[in-house]
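What follows is the residue order along each chain.
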Amino acid sequence: MAMKRTTKRRLVQGVLYAVLLGVAVALALVADWPAIKANFFKSEGFVPPGAWGELITVGVKNTLIYTVIAFAGGLLLALLLALMKLSPVGPYRWLATAYIEFFRGLPALLVMLFMAFGITIAFQWTPPGGSVGAGIVALILVGSAYMAETLRAGIQAVPKGQTEAARSLGMSGGRTTVTVVLPQAFRIVIPPLTNEFVLLIKDTSLLFVIGFAADQRELTTLARDFLASGPTAGTSTSLVQAAILYLVITLPLTQLVGWLEKRQRRSR
Amino acid sequence: MTATTRPDAATAAIEVRGLHKSFGSNEVLKGIDFHVDNGEVVCVIGPSGSGKSTLLRCVNRLEEPDSGQILVEGVDIIDPETDLDAVRSRIGIVFQQFNLFPHMNVLRNLTVAQEKVRKRSRKEAVEVARANLEKVGLAGRENAYPAHLSGGQQQRVAIARALSMDPDMMLFDEPTSALDPELVGDVLEVMKTLASEGMTMMVVTHEMGFAREVGDKLVFMDGGVIVEEGDPREVLAAPQHERTRAFLSKVL
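One line per chain: the protein sequences are E and W, in this order.
Going by the working numbering, the first residue of the first sequence is number 841, and it counts up by one from there.
Going by the working numbering, the first residue of the second sequence is number -12, and it counts up by one from there.
There could be a bad hint or two in this list.
For each label pair, taking beta carbons as the anchor points, the in silico distance ranges come out as [stated by the list, open to error]:
| no. | chain 1 | residue 1 | chain 2 | residue 2 | range |
| --- | --- | --- | --- | --- | --- |
| 1 | W | E51 | E | G945 | 34 to 40 Å |
| 2 | W | G61 | E | G1001 | 28 to 34 Å |
| 3 | E | A962 | W | N13 | 42 to 48 Å |
| 4 | E | G1001 | W | E176 | 23 to 29 Å |
| 5 | E | V1018 | W | G124 | 30 to 36 Å |
| 6 | E | V1018 | W | R220 | 20 to 26 Å |
Derived by calculation from the structure, the hints in this document are not laboratory data.
Keep in mind the model is a prediction, meaning the values are calculated, not measured.
Cβ coordinates follow ideal geometry from the N, Cα and C atoms, glycine included.
Let the sequences and hints guide you as you build the complete structure.
Next comes the structure, spelled out in structure tokens:
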């Protein structure tokens, strides 16, 4: 029996919705709601003000501070690496390539452990900010490797005619880079760099492997400490709260990236 | 901006001798001898791939010549001792694709090199820029960004940008080829005004009407060599070479 194409499509769609609804209902029936509420949403900490105050004024604050420092430092180093990678001088290119490949190939956590423990012991030297400072240096080292590639791509996306026009007006190579190429390159890389920023926000949670003073703790470390102490001790409520706070920061940023990318596509 | 300011009127503005240039195994220029005198308007025509744009781009070393000599106002620009940036700042170039700086408004496009290269004050640069905008018929568009201008307007801004450096000569690389037909006239009009003021010009073009009306000399290139050159009216009316005839019969 021949079925009309539209009828068939509707039927398939109906089945897909039914399956989804069935799974949701099954999960809801199987779930132990009181246990979930007690373990993930313990009201002593979860219902405002609860533990939110300290999570925000200490955890979120430090997370953002560490992210901004790591991002600014990483961007500066990345710019240097990108320009080295595009340099006509061979050794500069090789050095930049080696650096980028090295740090992109390692887990950020391992680099962080090296910086916090290996370097301090081997060189008897503690970076400013103590072990937190060492951890941030690790984030800068790893982040710059990724951002350097982003910047290089942005610089190369500026049309060759722009450089030619600037050089024809008598501008030197350096002047052309600063005045004509980089401003356009930065515009191109704003969306991917915002993505790098979001990645860094999340990577600051790796700092939790490093010892902290109480007021230095970032969001994940603080939430982890609340697993064992405070009003929600013994439950995972603080982790849920940290997750919510991360999303409150990151979701608007990823939305912003999407909007910027759309606007950039339109203006071409 | 007239020829009288030049130290030695006897020196050719552009003198090219035995110029060779290859891209990989493709030899684009096969020994070019070419010159443009002060105050002269030289039009270069020829089929695509004939090497005419490459020749123009060699004159300020946007392309690196393989061998040969290029003298701009008597200065050897291939000599590593030559201050290439200084020479380039005296040669205005207008590109097929305009190449305005998209992140700067029209005024900034015209003033940035005046300030950074010519070391003029902001005030002086703005005055020069406004005068040149007026000249190309775009007074009042100082604050527009290139993306908001038509192709013809962008190209006239590009001409004004080059003129703001007070160049001794202007090179045009197919300035109207990327324009809609109805926008070509305005750009050619500006170029005619320049020519009538005595500007030294090298124009790579497909506009035979412009060449006939404004050109002092017409150069026909094909296959990396100069096939024929002479008075534009004579060459266009009675070409001496078979290749010139074949080309002109296709474009006229």
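Worksheet item: Which numbered hints are broken by the structure, listed smallest first?
Response: As far as the earlier hints go, 3 and 6 are violated by this structure, in ascending order.
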